[in-house]
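J.: Okay, here's what each chain looks like letter by letter:
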Amino acid sequence: MAGIFGFYAFGEERMNWDSSKFIYYGLSALQGRGQESTSLAIYSYDTHSLKWASGDGLVDEVFGKMKQEDVKGFLGIGQVSAEKGDYAIRVEEPIQLALVGDGKPELHENRQRSFQIFAEMLSKKMYELKDPLEAAKKLIGEVKGGYSFIALTKDERMICGRDVHGIKPLEVGAIGFDIGAVASESSALDVIGAEHSGYIKPGEAVNFDPLSIERGRINHETAYCSFEYVYLARLDSYLNSISVSKVREMIGRRLAEENPVKADVVIGVPNTAIPFSMSYSENSEIPVRLGFTRTGRHVRSAIKPSQFDRIVGVQLKLNPIRTSVDGKEIILIDDSVVRGNTLRNTVYNLKRKGAKKVHVRIGSPPLISRCPFGTEVPPEDELIGRALSNDEIAEIIGADSFAYLSIDGLCKSIGLPRSSLCLGCFTGKYPSLHNN
Amino acid sequence: MKIMGLGNASREHAIAEALERSEHHPRIFWLGDIGNPGIFEICKRTGGDFALSKTTDSEKVSEYAKRWHVDFVIIGPEEPNFHAVPDELERRGIPCVGASRDVAMIEMSKAEMRRLQWEYGIRGKLLFKTFRSAQEAYSVLERYSDTLTWLQNVALKPARQAGGKGVKVVEDQQLYLHDEKQRFKSKHADWLEGYMKSYSDIDDKILVEEKVWGPEYTLQCFTDGRCIKGMPLVQDNKHAHEFDIGTETGGMGSISGPGFTLPFITKEEYEESLKIVDFLVRAIQDKVGKSYHGMVAGQMMLTEIEGPTIIEMYSRLGDPEALNVLNTLKTDFVDICLAILDGNLSKLNIEFDEKATVVKAIAPKGYPDNREMAKDHPVFVDRQAIKREGCKFYWGSADIREGGEIKSAGSRLVEILAISDEIEKASKMVDRCIPHVKLLDSWGLFYRSDIGSPELLSKRMDVADRVRMLYQYRRDKDMLGKRVDWLPKVGKMDPVALLRDELSKRGE
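Protein chains in written order, with our numbering: chain A, 817 to 1252; chain B, 63 to 570.
FYI, nobody ran anything at the bench for these hints, they're computed from the structure. Take these hints with a grain of salt, some might be off.
[As the list claims (entries may be wrong)] Taking lysine to aspartate or glutamate and the EDC-like style, the derived pairs with C-alpha atoms no more than 20 Å apart in a straight line are:
id, chain 1, residue 1, chain 2, residue 2
1, B, Lys329, B, Glu278
2, B, Lys427, A, Glu950
3, B, Lys300, A, Glu1011
4, B, Lys437, A, Asp1025
5, B, Lys500, A, Asp947
6, B, Lys300, A, Asp1025
7, A, Lys883, B, Asp241
8, A, Lys1245, A, Glu925
What you are looking at is a predicted structure, and each value in this text was computed from that prediction instead of being measured.
Given the sequences, and given the hints that come with them, work out the whole structure.
T.: Structure, rendered in structure tokens:
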């Protein structure tokens, strides 16, 4: 999983813009999509070539080590990734290009290797066809998987696109009469002060060059990643014209409708489940309370690489607020359950602070399958939702009841039919793979 | 009847066509800086004539009008107005539908237009400042650079109408990107100073206006100087590329209807906009003591500050906006011209079809920044195929050479129009015609597929709804047009009072 961002300046005065500033803030906005590595590639007007810069760590840390002059240029792309050493791809021949990607093309087991092959194919096709848009379109038609990408070439092009199902998002924005920007989420466009103008369609390739923006599309049924709406994307983002916040509001409402239970207070596990808890409360008329205070910077616990880090992350970040829980029957809402460890910990902490009962509700269906498109879900034999029933899980995590959101409830919350969504992590069935 | 027209863009092709449709069956004569093939054809067909001539040369234009014994002249573009071509024609007793130099000041000098608006208290104003040099501009921009005054979020423009070039809008809202944007503002001020060197007819070089946000629309009107008649609203799309990205152009396409308003502008806002344009036309006539007879248009925006607001004025029809309105016009266009010339416009009932229209421009790659690259490519158009799609085709920046070969001339090459009951349908009709226009040397063309699409329309409506809520709230609180600012160590400031002060000092 990754967050990608592209910056493209037009017009006679384009050289006056420095893309690295925008990439820095754009990637900072996408930090939640990957916290292990940061990288970028810039087109340098002085040398008429591409420059790469990268490092492991957060955007702040990696940019902090870069020299200003090394990353100066009016065109640029960047990436944050949830994997260490997962940097912007570099291809030298036949056409020099840099590429950043989210998700995973189905070309290799390893995400980075897969994008490396993808980028090499793109370079070769562009060289052969002499038509960058056609090359990108053809490639999207050929390569299965769930991915979005932004490539920057030595000849001042920025080419971006999404797989035919549009599994991974890619949004477009504009600043004044000068700048076009592309990002995994619209919030990154807001942060740099761009007007969000739309999204790249599933199967669509878009070619930015100094003289034009061209679009070409392979028409196909869509299958947007549903997990983006539940968990991955920022609350203030729009993906594919759908508001993430609206979906999460609907999820809270559906949770209240699907598995009602009597309680004194609703509490959401920070951060993702807070909006669920608020609309759950609104629809159940049970008051909502803030249940926890966090220590340390925001770490996305589900995508932390190691188990130890994850538990430490949870203990560090979630300290229950006693007056919210003491002597109360609680509905505790979380966004997803992976292994159940963190939830067990949380329920235990609540009870120690005096919670009488804890009913756990999950804002997504049980995770049963590992995402082949690069979202970090642990191996299947580590997924508690695959192995155990609701009652068993309740017993293990020490809750008084436990329920998931139904798949139907999730689709209705997003507002799209089942057939237009990728629900693979909940069903085990994925679009866009060779074995389907 | 003999009519002579001036100009060579798609707008003029549409004007010539509207004249040709008339029951008066006029013979049509035309002058163009280049040979628009469409106008050329109409002239031949109606028994008129076509000649290449500098359209800003009032002597030459007048000579042609005399030679051809035309009954009146109609002017398409703005530059002949700025060069007093209508004035010279009238001096020689040739009636002219077109704004004379003094009244065309509302377009030629964006600064004078604003001053007039403030002086006469016409609604739909923006705060502004003018500068004679880049140095002067950025010293002021810099002085307030670390506070959130209106000088932070600005449009930097050439103070003169300069072929729709050089406008930059810099919203400097994010303090963390401030240095970056401030640097760009200064650099653009330099660019403007250089660009304006070629215009010696104006003292103000750089215009800085407060940046506003909202949906734009064009209200085009006929006027005989006594009354004003509004046409259906049109929305033009200025960005060169898809997704509203990229350089400012003369307009890559426009939508209208169905009916007089747009899906995102209310009837009430239409009426208010018409009042503003009407008032402005009266004001300029009062100011310069001359009659305005011809076409006038307000490039408007719905803003949170004042609702319908003037961004710029046109002393002519818009291009491509002219195509939208002339194609739904039911009243005889020659009758309208005659009413304008006779001062009888109020008695004429002007009617339009209640249809939706979409126009899209197709331009060779290179437009608008590298026009040399966009020039001299041989053009092929399958006009029968476009007709079969139910669309209409207009030549723009195309030059018919001896022997009939047509070559691109660097700007918007052709414009294609569709009429339907819905904007979205018309947009799709136009899209189907795009492959029927080609450059024979395989140089690339571009156009905007997104104009008139459901996505772009819903985006406009969404923006309009938000802006409408804001300005209506201000209206209810009696706050329209008010601005309050606060500067650390200075205190509360009233930018409107400051501007009025500045303007009155200037007047002394």
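J.: Each of the hints needs a verdict: does it hold here or not?
T.: Cross-check of the supplied hints:
no.: 1; hint: B:Lys329 with B:Glu278; verdict: holds (15 Å)
no.: 2; hint: B:Lys427 with A:Glu950; verdict: holds (17 Å)
no.: 3; hint: B:Lys300 with A:Glu1011; verdict: holds (15 Å)
no.: 4; hint: B:Lys437 with A:Asp1025; verdict: holds (19 Å)
no.: 5; hint: B:Lys500 with A:Asp947; verdict: holds (17 Å)
no.: 6; hint: B:Lys300 with A:Asp1025; verdict: holds (18 Å)
no.: 7; hint: A:Lys883 with B:Asp241; verdict: holds (18 Å)
no.: 8; hint: A:Lys1245 with A:Glu925; verdict: holds (18 Å)
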